[in-house]
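Engineer: Residues per chain are reported as follows:
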Amino acid sequence: MAGGGDKTKIFVFEGKSRQETSARCLTCHGEAHEQSHFAQSAHSGSDVGCLDCHSPHHSKEKEFLLVQEQPQLCYGCHTSAKADFAKAYHHRVNEGLVQCVDCHNPHGTGTVRQLRTLPSGDFICYKCHVDKQGPFVYEHVPVKTEGCTSCHSPHGSTNPKLLNVMPVNMLCLQCHTFSSQLTAGGPSGPTHNQSAKYQACTMCHTQIHGSNFSNVFFK
Amino acid sequence: MEPPGKFGLQSSLLEKRAERRTQIDCTSAVACGHNKHRIAIAPAVLVRAVLMRAVIVCAVIAVIMIVLSPETLFAQTPTASPTPAPAAPAEPDGVTRGGYEIHQSIELGYRTTDLTGSGDMYDTLVNLQTGPRILDQTLTMQSVDHQGLLFDNLYLNSVGWGGDPNNYLRLRADKNKWYNFQGSFRRDQYFSDYDLWANPLNPPPPPAPGGSTPSIPILNSPHAFATTRRVSDFDLTLLPQSTVSFRLGYSHNNMTGPSYSSIHEGTEASLLQDWNTTMNSYRLGVDFRVAPRTVLSYDQFLDYYKGDTDYQLNSINQALLPTTPASPVSLGLSIDTANNEPCAVVPPATSLIVNGTLTNVTCSAYFNYLRNQRIRTTTPTERLSLRSNYFQRVELVASFAYSSATSSTPLNESFGGLITRTNTLAFTGTGTAAANRISDTADLGATVHLAKHLRLIEKFYFWAYRIPQNGNFSEVDNDCINPKACTLLTPLSATAPTIVPTLQTASFNQTWTRNQTELAWDISKKAGARIGYRYGDRKFNHFIDFLPGDEDHFVGLEKTVLFGLWARPTHALRLNFDFEHSNFNAVFVRLSPRKEARYRFQATYTPRSWATLGGSINILNLSNNDAQTQYVGHNQNYGLTASLAPRERLGLDLAYNFNSVIQNAIICFNDTPPPGVILPFVANAVNNDCAGNDTSNNLMANSYYTNHTNFGLAAVRFKPAKRVMANVGYSITNVNGSVPQFNILQPLGTVQYKYQQPVANLSVDIGHKLAFNMGWNYYQYGEGSFVGPTAPRYFHANSLTESLRYSF
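First to last, the protein sequences are chains A and B. Each residue of the first sequence is one higher than the one before, counting from 6 in our numbering. Each residue of the second sequence is one higher than the one before, counting from 537 in our numbering.
A portion of the hints provided could be inaccurate.
[To be verified] Restraint ranges, calculated between C-beta atoms of paired labels, are given here:
#1 B:Ser768 - A:His63: 27 to 35 Å
#2 A:Lys166 - B:Asp1088: 41 to 49 Å
#3 A:His63 - B:Val680: 15 to 23 Å
#4 A:Leu56 - B:Lys1075: 40 to 48 Å
#5 B:Thr632 - A:His63: 55 to 63 Å
#6 A:Ser185 - B:Ala1030: 45 to 53 Å
#7 A:Ser60 - B:Val1097: 32 to 40 Å
Hint data in this document are derived by calculation from the structure and do not stem from the laboratory. The beta-carbon is built from N, C-alpha and C at its ideal position, and this holds for glycine as well.
Chain A extracted, bound-state conformation:
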């Protein structure tokens, strides 16, 4: 400016709204696939901008210039997630093995909850849990129609295998009971004595995520 430059061409971040500062960052970074949905994202709609998570000059986390390392950065707002990952059974986020960005794209996605998907449209869970993706000759309907969260709580659960409900037969019976809402009454209920060994449904129905050989998921 001392040399006669035009001050109006300098973008000053101070005093700008988050929409304006984010738009500035996106002039360079908006072309990447990772950031492409930011303008439609829940974070953008909640007035969370680039500089809420990133600091180009004073980052504490060097890999992606974050103001704080994951997951503490995310816990700053998403406190319920902090409690979920402290439960006895949890994805190893606090241990560093899994990061929030492995399943969620904080810059937004085309789906809800900023969840990532596989290129085929399948749930992101199959990125690691590859053996559950199939396709199978005998599919377990809710796995494909409702997704993994119909039975599991992916952040953390007080129950083993991150199940929503324990014991297992409780979870199974809540769907495997007659309902006139569903064609032919829905999936049949078991004809087993719940007071005997049959309370352990998955002792027999082992391939519960889908089977190639058994229509009752025995093998």
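Fit chain B to the given chain A structure using the hints.
Structural biologist: For chain B alone, kept in the frame of chain A given last:
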């Protein structure tokens, strides 16, 4: 031969774990706590061990310092120390060598674990064992003038090597305009033995109601896991800022290791399951900058999956046949003679097994079982995508992907034993299973800036897949020619083969369309709001054998109202509120909601630079008020956090969270408790054949599951001396809930427990860029209900970690 009193652990990895641990026959947490220390460490021994380990660690660090010393690699240039920041500890200065500013740290240590109680439960939840560790390593190199030969920036971080169950390495490198590289390697050693999982709950002996003779409890989980998953991801972008740039990627996911499974053929056998799954994924992408602020991309993905998991019989609960020589047979997991599992006791015998010999040879049992599969799945996916800000007021993103997966596996299965229901002595199963998954995915997002502070946001998502399925199997059953004389002693020559073919052709299809429109208004720099509407349309078709009337067909419509508010009334205070309410006109499964409501409130208050207070409320309510379902689900979460660091020498972290989960639906079930046993849930169920709809499940009741979790955390950081930093903390997860009891032997388990984790750390700056760290972690898990016919699950453990950290 006496029946084994315990679920045998035969796989090599699980045996090694058993050898490392001393099995403790605890009948109660109190008994475990009094006198069952796994590793007794006297204080003097501990101090000597720590000192010796410190000497070893120092020697290793000295070697590494010599190897990695800047003096070795670059000419040394002295650097000035920065003025330390008043609040936070100063980052190490780093060194400048060869045109790079280099920061490096490495922490080597030793972990000692002292465990009392259930080693299997400890390994399931914590799994930190004794041994040396490379706890942490970080290297950053930044080119001072962006003229680095191979890279301008390098970041490398790795954690947990030497025996921790979770390790990872992350690498990122880039050179301005030339390339951008990210790589990671993660290893997850997954041990799971929650012993109530898939457990038949074999009853105790008489005179207990429903007593079994013999009584053989299954002490461990029949589905215990000891597997290791290794995941690698690599992504390289070439010429990232050019008109045309290229992206290459590769991922590898491999899971191996032993676990247990089971199979039902007459009765339930325990199986050794040797995991071996591999996914190799290849990615190739091209980005074309076809116009200013407009990028057109093409991506090709190739996924190759191999599933080579094999199963073979794990011969537990063996008995000898009354033959000469006596040959063993496995009775399987379920031993409940009062319920004729695997068969009844035939008088005059008083037990199914007497002196190791089976007294009823008409029992379902196993001589052998084997199942192999070789799943091969190939999934090519093509994706075209567009991102454009070409028009000043419109931000556009769109993509379309087509994927076609092909999967097949042969079936190779064999069984030898007796299945009494069908009088089968042996069978072999062969055939081929094949399935495809063809999917189309499209998404379109647009943001139109109607005015400076008003924008219209449109999100459209389409996902359609169909899964044609084809199973062609043939099972050759060797069934007894004379069913009345069919026993475990009957030779195969007395059977006739029966071919049981299975031809399954089906198709599983779903089409899902979702469109969300929102209007976002920035009222001012301090407040904003948005309102929106989401419409969804799901069609589900399931064709079985393509016969008339053999089709399930559903159409589900979603209508969701969205609303959100944000406010920053002051620089220090931030508030967010979001609300969604959905109505669905149909359900695909019973637990799908007809109504769904989400409320989320978050507040953050930073009155001072050293004080941050936060609060959140998250509420999810689900319901399906169909008269025969009455599904209600709610998940309510309330949390408070506080982080205070008024001085460099003092800091306090507090957190509290309450999570309430309720899930209920009407269930119909069949339950006949043993004579004399009254289960309130069963006794109060209505006996009406599921309101006349299911005679096999005569009892009907509400199946309330409640789970209330309180989580509390408190930690204090303080500097008792200039070079000493200490941290003392405590966290507890207290779970209290209720669930219907279907079986008198079924404890509440994880519906009621406490998990406590105090922690203390000490860090001493000993100069020369070295810090000595000592950390103590304590873990205690205890359930509030009875143990059940399994091994106890209570444990408490001390884990002490000493380490030296070198950083510059």
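Engineer: Holds or violated: 40 to 48 Å for the Cβ distance of Leu56 of chain A and Lys1075 of chain B?
Structural biologist: holds, 43 Å
Engineer: Honestly, do Ser60 of chain A and Val1097 of chain B meet the 32 to 40 Å range at C-beta?
Structural biologist: For Val1097 of chain B against Ser60 of chain A, whose Cβ atoms are near 36 Å apart, the range 32 to 40 Å holds.
Engineer: Given the range 15 to 23 Å, decide if the beta-carbon distance of His63 of chain A to Val680 of chain B lies inside it.
Structural biologist: holds, 18 Å
Engineer: Measuring from beta carbon to beta carbon, are Thr632 of chain B and His63 of chain A in 55 to 63 Å?
Structural biologist: violated, 20 Å
Engineer: Determine whether the Cβ-Cβ distance between Ser185 of chain A and Ala1030 of chain B falls within the hinted range of 45 to 53 Å.
Structural biologist: holds, 49 Å
Engineer: May I ask you to test the hint 41 to 49 Å on the CB atoms belonging to Lys166 of chain A and Asp1088 of chain B?
Structural biologist: violated, 28 Å
Engineer: Could you say whether the range 27 to 35 Å given as a hint is met by the Cβ separation of Ser768 of chain B and His63 of chain A?
Structural biologist: For His63 of chain A against Ser768 of chain B, whose Cβ atoms are near 32 Å apart, the range 27 to 35 Å holds.
Checked against the numbered hints above, the structure violates hints 2, 5; every other hint is satisfied.
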